[in-house]
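With the hints as extra help, turn the sequences into a complete structure.
Mapped onto numbering that gives the first Met the number 0, the consecutive letters of the sequence shown carry residue numbers 0 to 393.
Hints in this document: simulated from the structure, not taken from any laboratory. Keep in mind that the hints are not guaranteed to be accurate.
Quick list of simulated restraints, FRET-style, between CB atoms [to be verified]:
1) 104 to 358: 35 to 41 Å
2) 323 to 35: 44 to 50 Å
3) 236 to 325: 53 to 59 Å
4) 358 to 162: 36 to 42 Å
5) 52 to 165: 19 to 25 Å
6) 39 to 131: 46 to 52 Å
7) 31 to 176: 21 to 27 Å
The C-beta atom is built at its ideal place from N, Cα and C for all residues, glycine as well.
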Amino acid sequence: METEQSFPLYRAASCGLLAMLVGVGIARFGYAPLVPALVAAHWFTASAAFWLGTVNLVGYLIGAASMRAWHKPIHTRAAITVLMGLTAFSLVASAFNGGILYAAIWRLLTGITGGGLMVLMAAAVVGRAPPAKRGQVGGITFAGMGTGILVSGLLIPRILVFGLPATWAMLGAFSFAATIAVWLMMPPAIITPAVKKPGKQVLNKPVLLLIIGYSLCAFGFVPHMLFLASFIAIGLQRGVAAGADVSAVLGIAAAFGPPILGRIADRFGFLRTLTFGYVIMAAAVAVPLLTGNQVWLAVSAAGVGAMGLGAVLLTSGAIASLVEPSKLAANWGLATMTYAVFQAGTAAAFSTLFHATGSYQLLFGIGTVAALTSGIFVFAAERLSSRIDQDHGT
Numbered sequence: 000m001e002t003e004q005s006f007p008l009y010r011a012a013s014c015g016l017l018a019m020l021v022g023v024g025i026a027r028f029g030y031a032p033l034v035p036a037l038v039a040a041h042w043f044t045a046s047a048a049f050w051l052g053t054v055n056l057v058g059y060l061i062g063a064a065s066m067r068a069w070h071k072p073i074h075t076r077a078a079i080t081v082l083m084g085l086t087a088f089s090l091v092a093s094a095f096n097g098g099i100l101y102a103a104i105w106r107l108l109t110g111i112t113g114g115g116l117m118v119l120m121a122a123a124v125v126g127r128a129p130p131a132k133r134g135q136v137g138g139i140t141f142a143g144m145g146t147g148i149l150v151s152g153l154l155i156p157r158i159l160v161f162g163l164p165a166t167w168a169m170l171g172a173f174s175f176a177a178t179i180a181v182w183l184m185m186p187p188a189i190i191t192p193a194v195k196k197p198g199k200q201v202l203n204k205p206v207l208l209l210i211i212g213y214s215l216c217a218f219g220f221v222p223h224m225l226f227l228a229s230f231i232a233i234g235l236q237r238g239v240a241a242g243a244d245v246s247a248v249l250g251i252a253a254a255f256g257p258p259i260l261g262r263i264a265d266r267f268g269f270l271r272t273l274t275f276g277y278v279i280m281a282a283a284v285a286v287p288l289l290t291g292n293q294v295w296l297a298v299s300a301a302g303v304g305a306m307g308l309g310a311v312l313l314t315s316g317a318i319a320s321l322v323e324p325s326k327l328a329a330n331w332g333l334a335t336m337t338y339a340v341f342q343a344g345t346a347a348a349f350s351t352l353f354h355a356t357g358s359y360q361l362l363f364g365i366g367t368v369a370a371l372t373s374g375i376f377v378f379a380a381e382r383l384s385s386r387i388d389q390d391h392g393t
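Structure, rendered in C-alpha cells:
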C-alpha cells in the first residue's frame, strides 16, 4: 500500500470530488431542473424529455459495465480527464437544439462517462487509501454527487434566465475548468485490474449480500427524491415554495452527508456504519407516515439525503474492505450497475403506482420496509464476513 507521501490521498480525493461533481452531479442530476425549461421552450415534449433521461441511464449502465469488464492497466489521470472532458464537450454540444436524436447522442455519452467515472474513482481513490483513512477519502470523493444535486437545484433555475443555450454552455465551461484542474492536480498512478481466470467466477458471498442491500436502498431513496416535494406542495397543500425548501435540505444533506459518514465508518467500520445507516434511513423515510410537521419533514429529508448518497461511499468502502484492490473495480462496477437498474425500475414502478392509487403514504411505506431490509442484508454480510475471518484465523 502506498504511503500518503508517495500517493497524496487528499489531493486525489479532491480530484475525485470534481470528477463526481461533473460526471454525475451536473451531467446526470443537473438534467432534472432543466426539463421544465426544455419543455416550455419547445425543445422537446415532456415524454421526449423523459426518454432522454432513460437514454442517459442506458449510457450510465454501459459506462459502468465497460469499466467492470476492462482488464488492461489504466492510467488514472489520463482516463479521468478524458471522461471528464467528453462530459464537458457533451454539455456544450447540448446548447444547440438539434432535435431529439442529436440530444440523445450527448445524453448517452454523458451517461457513459458518468458510469465510467463512478467505477473508476472508487478504484483510483478509495481503493488506494489505507483502511484507516478510507472513509475520509471516500467521503470527500463521493460528496461530489451530493454537491451536484445541491448546486443543480439552487443554481440552474437562476442561470436559466439567460436562456437554455447559455445555461448549457455555462455548465460545460465549468466542467472544462474542473477537467483542467483535475489534469493538473491528480497524482499519476496506474490501476492493474485482476486477471480474469478461466471458468465460472464466483462472487464473494458477503459482497453479494452487500450489493443486494445496496440495490434495495433505491426503494428507500426514490420516494423522497421524486415525491417528497410534491407530497408537501400538493398532498399537504402548502405550495411549491414549501416543497422546494425541504428539497433544498435534502440536497444540503446529500452534499455533507458522505464526508461525515466516512469519518464515522473509519472509526466503527463500513459494514456496521452502513447497517445502522439503513436503519436511520428507514426511520427517516417513515416520518411522512407519522406527521406532516414541516420541521420533521425537513429532518426526514436530511436523513434520507445524507444516507441515500452516503450509501454510495459506504458500499464502495465496504467492498474495498472485502476484496483485493485489483478486484474492486469489477465488484463495485457490478454494484453500480445493479443499483442503477433498481433505481430506474423503482422510479417507473412508483410513478405507475402513484398514478393508480394517488397515495403518497403507500410509497413511503414501501420505502421504509425496503430500507430496513437493506440493513438486514448488510448485517448478514457483516456477520458472514466476521465468520470467514475467524475461520481463516484458525
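In rising order, the numbers of the hints this structure does not comply with:
none
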